[in-house]
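For this one, chain A is given, so just place chain B on it according to the hints.
Line by line, the protein sequences give chains A and B. Just so we're aligned: 111 in my numbering is position 111 of the first sequence, and the numbers increase by one with no gaps anywhere. Just so we're aligned: 35 in my numbering is position 35 of the second sequence, and the numbers increase by one with no gaps anywhere.
One should not assume that every hint holds.
Unchecked claim - EDC-like mimics (lysine to aspartate or glutamate), calculated; alpha carbons at most 20 Å apart, straight line:
1. A:87 to A:214
2. A:90 to B:89
3. A:90 to A:119
4. B:90 to A:93
5. A:90 to B:92
6. B:90 to A:136
7. A:90 to B:93
8. B:87 to A:93
9. A:87 to B:93
10. B:90 to A:89
11. B:90 to A:92
12. A:90 to B:136
No wet-lab data here; the hints were simulated from the structure.
Number of protein chains: 2
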Amino acid sequence: MMPRLFFDRDAAGQQHLTIDGEQGHHFARVLRVRPGEQAAMVFNGSAYLAEVESVDSKAGTVAVRILQSLPPHEPAARVYLVQGLAKGDKVEDIVQRCTEVGVAGVLVCATARSVVQLDERKAAAKIDRWRRIAAEAASQSQRDVIPSVDFAGTGSQVTQWLERLQPDLLLLLDEDETATGLKHALHNPGGRQAGLAGRPPVIAIAVGPEGGWDETERMRFRDEFQAVSVSLGPRILRTQTAGQTALSAILYEYGELGGESGCRP
Amino acid sequence: MMPRLFFDRDAAGQQHLTIDGEQGHHFARVLRVRPGEQAAMVFNGSAYLAEVESVDSKAGTVAVRILQSLPPHEPAARVYLVQGLAKGDKVEDIVQRCTEVGVAGVLVCATARSVVQLDERKAAAKIDRWRRIAAEAASQSQRDVIPSVDFAGTGSQVTQWLERLQPDLLLLLDEDETATGLKHALHNPGGRQAGLAGRPPVIAIAVGPEGGWDETERMRFRDEFQAVSVSLGPRILRTQTAGQTALSAILYEYGELGGESGCRP
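Next up, chain A with everything else stripped away, as it sits in the complex (with noise of 0.2 Å):
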């Protein structure tokens, strides 16, 4: 498969680009790119098809021509996760598996039940760790972006961080007998997706750690942000298969997973 490659710069109107920095001592030192090969270039959320033109190993510079744009990859129903930390390596897996899938980003929280505490120093070289595995699944996966990823080691840190996103939709997986189902939450939607209008939605789903989110923490997601408890029906899912099979489901409504057009755009 061809590789892909992700730049924090943007490409537009550019015929030729010299990559230089971190990134091209990393092409021209350690993969050792020649000229005439060809790769798929990500330059801020868009991809293009490239030819490396030529190497000077010593300077640590690629020089790299567009031959063509991309299809973009990315559904435009934005869908967040909002994760319990959980025990082992089920995050690793969570956040390789939602990148696949199409997740836009992902927020690892902190819980009253989480059994794994990590102090500042566990908590950063996590956060790396997470990081580097969206970094490759969305190489892998053929993304356009590389799904964020964030930790939350308090409850005013999941706040913040909700508050800058602004979901239009809040949907807390639950195995609460009183929790709508998920087609309805979506076809029904109240709060702030009622000003949604023709737009793509922005939607965040929080799953819980293995032993579910605590009231406390259920009442601050309803409470400022109008949380919608809802259920994906009778059988119960492991945290680390929850997200998934959710983030699937929104994806496949808004038809971002196969769609009604047929062909891929």
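Below, chain B without anything else, positioned relative to chain A:
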């Protein structure tokens, strides 16, 4: 969480039952259940809340009393997975996750591009292991049925399995540019599903191994079962992500993943 136990027998109309044989032995002598303990007990697909009345640990029998019926947890739409044999413990993971989400059965099949080869002895051990994983996941996720897990070592065994199943629709997950979108395929079914008329569908999803299906395999699915090549959109999913994603979308489409009716049944 209350234990959930599966029995290969009927309980319709009965209030008192004696569990003997291997399961009686297991409950009486291994789990050492005690009078008064409650469990969800599933008899041939129907779940009940039951209470242990007495235990004869010498004879290995347990007498139970049915307290009440439990609401059904099975999707009416039956979605099966035909999964190309993949490396490592991927199939284990696929069986576990798809069981939680609600798969009706899984056929793991040796394919032209499968890296792993299973001789008869190894295959038998693997099938045992996959079935054990399905049973455990069915219990944990509170299903009423343990999904079937089978293995096909040859193409003609795949054909036989599909001939027995007679799916209304066989969906071949495909990265092919000509594939139709999943939603389009479900909303405009051709072939056998034309005669579906009001009953819940039987759908099979075919997911290739890491290297995908080869042309002979694709042709067989198309020629013998009118398989429809479908795309899950422009992002490329790994074999261990694709099945669960498609299953989630299809069950959602048919209202089986938290539907319009709102509350859990």
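Structure-based check of all given hints:
1. For the hint linking residue 87 (chain A) to residue 214 (chain A), the alpha-carbon distance of about 17 Å falls within 20 Å, and the restraint holds.
2. Under the criterion of a C-alpha separation no larger than 20 Å, the hint pairing residue 90 (chain A) with residue 89 (chain B) is consistent with the structure, at around 15 Å.
3. Restraint check: the Cα-Cα separation between residue 90 (chain A) and residue 119 (chain A) comes to about 18 Å, which is no more than 20 Å; the hinted pair holds.
4. Proximity of residue 90 (chain B) to residue 93 (chain A) is assessed by CA-CA distance (about 13 Å); at most 20 Å being required, the pair is judged to hold.
5. At roughly 16 Å between alpha-carbon atoms, residue 90 (chain A) and residue 92 (chain B) fall within 20 Å of each other, so this suggested pair holds.
6. For the given pair, residue 90 (chain B) sits about 19 Å from residue 136 (chain A) by alpha-carbon distance, which is consistent with the 20 Å threshold.
7. Restraint check: the Cα-Cα separation between residue 90 (chain A) and residue 93 (chain B) comes to about 12 Å, which is no more than 20 Å; the hinted pair holds.
8. A distance of roughly 17 Å separates the Cα atoms of residue 87 (chain B) and residue 93 (chain A); the hinted pair therefore holds under the 20 Å criterion.
9. A distance of roughly 17 Å separates the Cα atoms of residue 87 (chain A) and residue 93 (chain B); the hinted pair therefore holds under the 20 Å criterion.
10. Simply put, residue 90 (chain B) and residue 89 (chain A) have alpha-carbon atoms about 15 Å apart, close enough for the 20 Å limit, and the pair holds.
11. With a CA separation close to 16 Å, the supplied pair residue 90 (chain B) and residue 92 (chain A) stays within the 20 Å bound.
12. Distance hint between residue 90 (chain A) and residue 136 (chain B) is fulfilled; the C-alpha atoms sit about 19 Å from each other, no more than 20 Å.
The structure meets every hint from the earlier list without exception.
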